[in-house]
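We have chain W already, so just place chains F and L on it with the hints.
Going down the list, the sequences are from chains W, F and L.
Residues in the first sequence are numbered from 1 upward in steps of one, following the working numbering.
Residues in the second sequence are numbered from 1 upward in steps of one, following the working numbering.
Residues in the third sequence are numbered from 1 upward in steps of one, following the working numbering.
Misleading hints may appear alongside valid ones.
Computed list of lysine-lysine pairs in DSSO-like fashion (alpha-carbon distance at most 27 Å, straight line) [what the hints assert, rightly or not]:
1. F/Lys-247 <-> W/Lys-201
2. W/Lys-272 <-> L/Lys-196
3. F/Lys-295 <-> L/Lys-270
4. F/Lys-196 <-> L/Lys-196
5. L/Lys-241 <-> F/Lys-201
6. F/Lys-241 <-> F/Lys-272
7. L/Lys-196 <-> F/Lys-210
Think of the hints as simulated: they come from the structure by calculation, not from any bench.
Only a predicted model underlies this, so the values are computations on that prediction, with no experimental measurement involved.
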Amino acid sequence: MGCKVFIMQCFVGFWDYETPKIMVVKNMTLGIIYRIVQLLIVTYFTWYVFISQKAYQESETGPESFIYTKMEGAAISGDTVQDTVEYSRPPEGGDVISAILRKEVTPNQKQGVCAEHFAVPKANCTKDSDCIPGRTDMSGNGQRTGRCVQYYNFTFKTCEIKSWCPIEEFAAIRELELKEAINFTVLIKNTIHFPKFRVAKSNVMRKRSKYYLQSCHYNEVTDIYCPNFKLGYIAEQAGEKFSELCKTGGVIGVFINWNCNLDLDPSECKPKYSFRRLDLRKNHASSGYNYRFAKYYSENGTEVRTMIKAFGMRIDVIVHGQAGKFSIIPTIINMVTALTSVGIVSFLCDWILLTFIDKDEVYSEKKFDEICKHSSHTPDMDITMNAEAEPTPLRKLPDPLF
Amino acid sequence: MGCKVFIMQCFVGFWDYETPKIMVVKNMTLGIIYRIVQLLIVTYFTWYVFISQKAYQESETGPESFIYTKMEGAAISGDTVQDTVEYSRPPEGGDVISAILRKEVTPNQKQGVCAEHFAVPKANCTKDSDCIPGRTDMSGNGQRTGRCVQYYNFTFKTCEIKSWCPIEEFAAIRELELKEAINFTVLIKNTIHFPKFRVAKSNVMRKRSKYYLQSCHYNEVTDIYCPNFKLGYIAEQAGEKFSELCKTGGVIGVFINWNCNLDLDPSECKPKYSFRRLDLRKNHASSGYNYRFAKYYSENGTEVRTMIKAFGMRIDVIVHGQAGKFSIIPTIINMVTALTSVGIVSFLCDWILLTFIDKDEVYSEKKFDEICKHSSHTPDMDITMNAEAEPTPLRKLPDPLF
Amino acid sequence: MGCKVFIMQCFVGFWDYETPKIMVVKNMTLGIIYRIVQLLIVTYFTWYVFISQKAYQESETGPESFIYTKMEGAAISGDTVQDTVEYSRPPEGGDVISAILRKEVTPNQKQGVCAEHFAVPKANCTKDSDCIPGRTDMSGNGQRTGRCVQYYNFTFKTCEIKSWCPIEEFAAIRELELKEAINFTVLIKNTIHFPKFRVAKSNVMRKRSKYYLQSCHYNEVTDIYCPNFKLGYIAEQAGEKFSELCKTGGVIGVFINWNCNLDLDPSECKPKYSFRRLDLRKNHASSGYNYRFAKYYSENGTEVRTMIKAFGMRIDVIVHGQAGKFSIIPTIINMVTALTSVGIVSFLCDWILLTFIDKDEVYSEKKFDEICKHSSHTPDMDITMNAEAEPTPLRKLPDPLF
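In isolation and in its complexed conformation, chain W is listed as follows (with noise of 0.2 Å):
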């Protein structure tokens, strides 16, 4: 065939409309079936993917968050004042702010030679030749001078160590636990924006006053905007006891999660909180939270630190946000796959039709027009012997695969 030809076939035939011939069965069993599924298909597009998921929507997840924090409140623990600065840290107020309970105190720590915690592996010794000097063991606090002395105070000996001297483990003292943390506050600011829809919300009302954010507590029902919440709120809610956290430490998340179907009204786009701990739990080897950190001094040009040993409660603000929006292109999409996906229905029903129904192969001599090319030449044979010339034609099964 020539180019030509082709060419003037192609535009003939380009403006015919083709569509499939459909064969009616007029059986009540199978129509129902048929309805069936098709309702239940559609009663899963039109009530999970278009109503619940909201495939009708473009979504953004992921907003970009920004986050401040920062502690408010004042305590006296046995004879100092716990405020703000002492207790709170780091102090820039980023995501992760953590406020001390409890401390162990080791002051006056200076560079120098003392004796070695009797718990640290090979540390008892006798005689000097116990200890093997430059020795450094990992889990010890210095490096092995050589010499076997006396355990501060006590009787018994152990291996001198150069260190920060004397060693937290016999000089630390334990500071009394900060209870009343029980009602600090932490400010807890979120912003979320959303590029894609160019919008951007607060966890702060902006229309209240300042007196009413330094003053408010988050309460969930009348205080949705207010973004101060008690230390000992955050912790109910995470179904720990405060007590608890003072003696251990411990890490609480603070999750917000931002739902916003910015079809309905924008104030509808609520911050939502939950609280929940993230360190493993009591009973377990290594729960709790707690860092060492040190002041420094200079005494006489001896450079002095008092070490500290923190336990406290560290909050990490974690930010969830989506938003969706009414759109044209996932609607249509979304449509289509359900229209396909109702179209599937016809390879269950096929199958029943000529498993089930079509006894005496009436619908599958009408659905299924054989050809085999050597037998006819013309189509009126061809509808003959279909017809007539095969009395008992094998029954057409269902494509197995499709």
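Showing chains F and L alone in chain W's frame:
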């Protein structure tokens, strides 16, 4: 039917090819509608899905990102020199860094007793009985001793508290703003890595000399690979006045966006910066950014602190990235979806055909072959019935659900 | 047509089942092509989509992650003891922690006037008029006073500046590298939580004793649930020399990957660690990791600082995770997609059939039933025309678009 026959039938029919019978409607109007809607869908897929959305690419978002920040510059503020160690916190150079632009310094605070600030609720007093001993007000500075004392060198009295004395509200010295910080620079090194494609990119050009990196300033045309940003430039790009930031502080997001088409030359994959203020704006109750920290000294064995309320510019570096590369699988999947979607046009055209065009029911009779099992035992009879026995058959409507 | 009739028609036709009429082509070649392509598609969906990509599972990525880091170990560097409080910063134990491996210490800096470093642009001078008072060079150390002074104990002169004196470039003491840090350990506790599946996993084994956790070291075969990593191990796994890191510093990413198939036993969901250097490599202009901080002292009321330039190993812990669990909805959706895709084969085979096999136009005549409305008023006539009146009909080509 026996199992043997079933298997034989399967085998016989297995190599048959089945294809739907098609009715070709030579109607120009319908043909044009059919082709136009097809064209729209094909255009949508070609232009939007394949060209604009790059559906032929496998994509990866959320690359592994490394950020290192460091501030540079020194200036005189009042009588003191502010260098990077003084104004930049925290020092470790993570994704959040802040420059202190103004300080309110409360020097020489010691633990002791002094007068509470007069603005604290119920702090004003005339006699000792006005002050409840042990009471700690959340917005106050410490615990009341129960005495009513003179408010520093003023003539009125307030309740005495156990606290770090003197209190900040009375003793804080407001230092000058560090306006020269407008010329300080922040180095923001960022390296990203797409694990799936094994591609790593950096915002620092590899070929440049160490000297270039120390002296250049970012410019979005000439110096795109120079990672030094003037603080003034960042403020300006975010639409903020630097002098305003010096007063109240503020948080500015530096967004680095990597949009990499890996089918193109690697040099096309460039960082794109944008800047936006993240905290709430002025005229809002709680705008700005400040935090408190202290420096500790020892005075004859007593701990003394200098408490600093720092107003500054916090810079949050936020990295987004996505990379795409041609892949055969998404290409096939999206082409299948496209072809399926084109098929959906038939649904629309069938409806038009049978409702508006098919006045004489010629098409519906040809398209639909109704079979009522009880009324026909030979296919022949059924055909007859269809074509002649029903002179005015009800017009077949398109299926309302599919 | 009246509304009543319309409704009646709808009701009558509603329970009909419609199925396309199919032409069965008994052609071995085409049948084989058809089945092979079908097999390819089915194999692709079975193997790639269902088995490899686990399309039958509902999945969740980006779990909530909690990280706690802490360094352990002590060593002598020169004459001073370095313990965790000294070399590990920041102390709070978040996802970024650094160990200081080398220091350049500038002790006893005070605010005052001294000579600028000679390498700063235009700092060299011979007379006072060479120095512009008030000038602050960005790469310099302070503000010029306008005087030209002797450069410390050297014979040349530079401009005098108001600064922290003496300047770092002159007075810094380079301390020894902390090579023993190769044996220091970092504890990296990580707990993840998949909210959708309510599954939480930790990289610390619950059953082990406290003693095991204190003494074990991570090994990817024997101690997969021990979260203590030697710094030397981390450097080695990242392909870096520890001695090199001691010189220039560097940032190493510790990637924890959780790939959880929740259909299997929970113990199969294990953390997988990988290590990679994140900052740019050696031979590059700006490699390494260092930062400056200061310790403050008071000397007779004057503030004195010890400025430390710390070169260290920063460890960024980055957690990835994904979990999957069998779910009926994605299974159905993907099976529908698979079946639809299999149907697309028809498009290919129709094209082959009509272009290459159908030499005598037997198939196209049977497949396509052309209807020209103006030429036929009874279906009978139309059939006649199709079969006989057109002795050489133009061969129908497959639709070029669908």
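Q. In ascending order, which of the hints set out earlier in this document are inconsistent with the structure?
A. The structure breaks hints 3, 7; every other hint is satisfied.
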